[in-house]
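Protein chains in written order, with our numbering: chain D, 1 to 448; chain S, 449 to 927.
Keep in mind the hints are simulated off the structure, nothing from the lab. Because the structure is a prediction, the values reported are computed rather than measured. Mixed in with the good hints, there may be bad ones.
[Claimed, not checked] Each pair of labels, with its calculated beta carbon distance range:
| id | chain 1 | residue 1 | chain 2 | residue 2 | range |
| --- | --- | --- | --- | --- | --- |
| 1 | D | 306 | S | 463 | 49 to 59 Å |
| 2 | S | 538 | D | 374 | 30 to 40 Å |
| 3 | D | 61 | S | 670 | 40 to 50 Å |
| 4 | S | 737 | D | 197 | 41 to 51 Å |
| 5 | D | 201 | S | 600 | 55 to 65 Å |
By construction, the Cβ of each residue, glycine as well, lies at the ideal position given by its N, Cα and C atoms.
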Amino acid sequence: MPYIPNTPEEQQQMLKSLGMSKLAELFADIPDHLQLKRPLDLPEPLAEHQLLRYMGQLAEKNVNLDRCISFLGAGAYDHIVPAVVSHIINRGEFLTAYTPYQAEVSQGVLQSIFEFQTLIANLTNMEAANASMYDGATALAEAALMSCNVTNRRKVAAAANLDPRWLEILQVYLESQNIELINIAYDPVTGLVDLEAVEPKLGAELACMIVSQPSFFGSVDDVDRVAQWIKSYQGLLVMAVDPISLGILKAPGEYGADIVVGDAGCLGNPISFGGPSVGFFAVTGMKLIRRMPGRIVGQTTDRDGNIGYVLTLQAREQHIRREKATSNICTNQALNALTATIYLALLGPQGIKQVAYQCLQKTAYLRRKLEAAGFKLRFNAPVFKEFVIQADWDWEEINQRLLEHGYLGGFPLKLADPNLSDCTLIAVTEARTKAEMDRFVDLLRGWR
Amino acid sequence: MLLLDLSVPGRQGYALPKLDVEETPIEELIPETYLRKSELGLPELTEPEVVRYFTQLSRKNHGVDVGFYPLGSCTMKYNPRVNENIAAMPGFSRIHPRQPENTVQGALQLMYELDRYLAEIAGLAKTSLQPAAGAHGELTGLLIIKAYHEFNGEAEQRREIIIPDSAHGTNPASAQMAGFIAREISSDPRGGVDVEALRAMVGPQTAGLMLTNPNTLGLFDENIETIAKIIHDAGGLLYYDGANANAILGIVRPGDTGFDIVHFNLHKTFSTPHGGGGPGSGPIVVSNKLVDFLPDPIVEYTDGRYHLARPKHSIGPVKAFYGNFGVMVKAYAYIRHLGAEGLRAVSENAVLNANYVLNQLKQDYHLPYDRLCMHEFVLSGKWQKELGVSTLDIAKRLLDYGVHAPTIYFPLIVEEAIMVEPTETESKATLDAFIEAMQNIAEEVRTNPERIKSAPCQTPVKRLDETKAARSPVLTRKL
Numbered sequence: 001m002p003y004i005p006n007t008p009e010e011q012q013q014m015l016k017s018l019g020m021s022k023l024a025e026l027f028a029d030i031p032d033h034l035q036l037k038r039p040l041d042l043p044e045p046l047a048e049h050q051l052l053r054y055m056g057q058l059a060e061k062n063v064n065l066d067r068c069i070s071f072l073g074a075g076a077y078d079h080i081v082p083a084v085v086s087h088i089i090n091r092g093e094f095l096t097a098y099t100p101y102q103a104e105v106s107q108g109v110l111q112s113i114f115e116f117q118t119l120i121a122n123l124t125n126m127e128a129a130n131a132s133m134y135d136g137a138t139a140l141a142e143a144a145l146m147s148c149n150v151t152n153r154r155k156v157a158a159a160a161n162l163d164p165r166w167l168e169i170l171q172v173y174l175e176s177q178n179i180e181l182i183n184i185a186y187d188p189v190t191g192l193v194d195l196e197a198v199e200p201k202l203g204a205e206l207a208c209m210i211v212s213q214p215s216f217f218g219s220v221d222d223v224d225r226v227a228q229w230i231k232s233y234q235g236l237l238v239m240a241v242d243p244i245s246l247g248i249l250k251a252p253g254e255y256g257a258d259i260v261v262g263d264a265g266c267l268g269n270p271i272s273f274g275g276p277s278v279g280f281f282a283v284t285g286m287k288l289i290r291r292m293p294g295r296i297v298g299q300t301t302d303r304d305g306n307i308g309y310v311l312t313l314q315a316r317e318q319h320i321r322r323e324k325a326t327s328n329i330c331t332n333q334a335l336n337a338l339t340a341t342i343y344l345a346l347l348g349p350q351g352i353k354q355v356a357y358q359c360l361q362k363t364a365y366l367r368r369k370l371e372a373a374g375f376k377l378r379f380n381a382p383v384f385k386e387f388v389i390q391a392d393w394d395w396e397e398i399n400q401r402l403l404e405h406g407y408l409g410g411f412p413l414k415l416a417d418p419n420l421s422d423c424t425l426i427a428v429t430e431a432r433t434k435a436e437m438d439r440f441v442d443l444l445r446g447w448r
Numbered sequence: 449m450l451l452l453d454l455s456v457p458g459r460q461g462y463a464l465p466k467l468d469v470e471e472t473p474i475e476e477l478i479p480e481t482y483l484r485k486s487e488l489g490l491p492e493l494t495e496p497e498v499v500r501y502f503t504q505l506s507r508k509n510h511g512v513d514v515g516f517y518p519l520g521s522c523t524m525k526y527n528p529r530v531n532e533n534i535a536a537m538p539g540f541s542r543i544h545p546r547q548p549e550n551t552v553q554g555a556l557q558l559m560y561e562l563d564r565y566l567a568e569i570a571g572l573a574k575t576s577l578q579p580a581a582g583a584h585g586e587l588t589g590l591l592i593i594k595a596y597h598e599f600n601g602e603a604e605q606r607r608e609i610i611i612p613d614s615a616h617g618t619n620p621a622s623a624q625m626a627g628f629i630a631r632e633i634s635s636d637p638r639g640g641v642d643v644e645a646l647r648a649m650v651g652p653q654t655a656g657l658m659l660t661n662p663n664t665l666g667l668f669d670e671n672i673e674t675i676a677k678i679i680h681d682a683g684g685l686l687y688y689d690g691a692n693a694n695a696i697l698g699i700v701r702p703g704d705t706g707f708d709i710v711h712f713n714l715h716k717t718f719s720t721p722h723g724g725g726g727p728g729s730g731p732i733v734v735s736n737k738l739v740d741f742l743p744d745p746i747v748e749y750t751d752g753r754y755h756l757a758r759p760k761h762s763i764g765p766v767k768a769f770y771g772n773f774g775v776m777v778k779a780y781a782y783i784r785h786l787g788a789e790g791l792r793a794v795s796e797n798a799v800l801n802a803n804y805v806l807n808q809l810k811q812d813y814h815l816p817y818d819r820l821c822m823h824e825f826v827l828s829g830k831w832q833k834e835l836g837v838s839t840l841d842i843a844k845r846l847l848d849y850g851v852h853a854p855t856i857y858f859p860l861i862v863e864e865a866i867m868v869e870p871t872e873t874e875s876k877a878t879l880d881a882f883i884e885a886m887q888n889i890a891e892e893v894r895t896n897p898e899r900i901k902s903a904p905c906q907t908p909v910k911r912l913d914e915t916k917a918a919r920s921p922v923l924t925r926k927l
């Protein structure tokens, strides 16, 4: 047994020291009739060599992004990942550590989390960030719960142009605490939040207004008007953002956001069938900092006055406050947060601006080409790296045809919104080339 | 030095391919007022500098690869590296969650089979792989309990979740998040649930009980059948916190002992790396009567193909997409590699190692519950405390021996608690060295307490001032 060092002789020595002769005696406290009297019904074990072959075959049953050209987004994106990232995160000291409870032997993890907090706070232009959340969607749900706790209000408004899956998750989290979720309709022409659609008397009851920038449809909004609107009612502005977009788009802090969340999976993490990803959570103001969910690392000094890092503000957390904690989260996505930190350090400000700029320019290029090929743009607002096109097609069927040509098409919106059943959501990242896009347009044009 | 201290303007650690489309002036694409004006506040470094910075950081960190890590309730076992190779295969790491189902049959098959394996290990019916961590699994399980009572028209009345005073802090925090009232039940003198107190506590208001078994004292609650009967007779459900499942693989199945919902921590029991605090994975397995309430989606297999489906009365999704798939791949590979016999050997050796260490330490440290333990045990530092040395001091001194300290001050019902979980992947020699270190420290408490109180002295930094960090928080490095 390669992972279990005890030899039969050592087992006997150890049992003898306990006055026992058989391993079964160790389980004497489990009533005999409750013990499993047969082996678990599992497949025969595979030796490592067989295991690699078997798993390789299983992996080959999937069409992976190295074997096709993807225009699929809707919450997960084919961004470029620098090769060096995996080498760093696979260092055993990072990979095989846990939550840094013993700070003196966990400075590597603690300092890297402090870096993550710093870079996320800077990128979002907020004052502070936590150590990470499970993903963008759950970070958003926690932001809504926190807004209610801070404002003592029991209603949350969210723009209906958010990722519909995130809205569902938000609903699950809020419903469990009897908090009402109000969807604010989007304008059918622009795809942007329609504040006119909100009942004016509702404003004063809202804990927060949640906006997504860009929206699920890729559109970019004037968040200033939303910020002014919700602030006029003393509610909080919660923004869900794509961190890549912040290389170009106005930062949430510049809009006066109170809480900013998002998914940082796109920062250097493998797409991995949607997980593990990593959520981030940033706020401004000490009042909000002290109400944040999750782990937070702070700087301090040791006995000799040297700078070091520790988990801090732990009086918010479940292991101390139990049912009065700000959240139940403890294990988060530390290694994915480390990945994002390494990615941001490698790319730097110029690199992130370039990634954002290339997404923007390539998206604009494909959008223009598709429009010229006769496809209707569903919404007319500016877009960042995704957009919606409309055609009298079954887009799921089109995607099957595209696959035969090595293309992964967009996300058929009939799967998310019955009003958009003839639409598909196309994503373009910096990884796409002009030649790939030209051929994509040619294929679609040919089928019209 | 932090990344921003090392930053030199003009440096960059990664070069993108050249932009190959005609550019449109940016202001024609995005209105000028929507554009960023503030600095990004990111460092400017080249690749070798980034590698060296993080490599140096890693050297200041203890991990299972570095040395013994007996952190109780966390199962810090060896993480087989072959599983990293497997999870990194493009067929797993480079697939998009919204691809058509016919292009991800391998991934869905893996999820479906992992669901079956976990159901077999738990002795229950069907798994949701969506929760991202143990606490997330707890929340999901509690939402299912709520949905079940709602379905039976009893949600209004069944508001209470009973939780032992020895439970993980996540249990009451999760109950609160799910909209329940957490009621604490005391432990009996043997460390189990106080059955008489439980009988008095249950009633039409009881929604369920959350229990870890073996519990956080590392003790198997022999009264589990009676406890299950009390809860079920009162109309409640039993939730199994699987943080301690490393003791029970192939030995006893929670479902066979009366539990209705189980969560597993794939990052504990099933060897996936803890990553410095995640990613974890906290799948839940439920009994037949709860399958219809599972989160959306689950994986089903019909007519020769795997597909995603929404259960009839689903509580809805609790996470984007399907859960931490990359972690599932590693746990799946681990189960396929070990098989039934290997998993049983895991638990046997985990329990053997724990009892071996316990037996050698109970002369020097107070043992509040002197009986067979399972995969972990809890000592008390109260004898040392009487001599002026706290459990925190003992923990810090252990760091000087190259050992990560056990979990301390938990469970809350043991004064000056020291919770030790050796795991099955440690050798007798490592355990003996740990025993000797603990004995030396006990001796030092008597002979040289100042040495312990000033520990650690062999670590990258000396003892850190946590009070200062909380009193005047510095949470980011400002530009």
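Do the hints match the structure? See the list:
| no. | hint | in the structure |
| --- | --- | --- |
| 1 | D:306 / S:463: 49 to 59 Å | 37 Å, violated |
| 2 | S:538 / D:374: 30 to 40 Å | 35 Å, holds |
| 3 | D:61 / S:670: 40 to 50 Å | 46 Å, holds |
| 4 | S:737 / D:197: 41 to 51 Å | 42 Å, holds |
| 5 | D:201 / S:600: 55 to 65 Å | 37 Å, violated |
Comparing the model with each earlier hint shows violations of hints 1 and 5; every other hint is respected.
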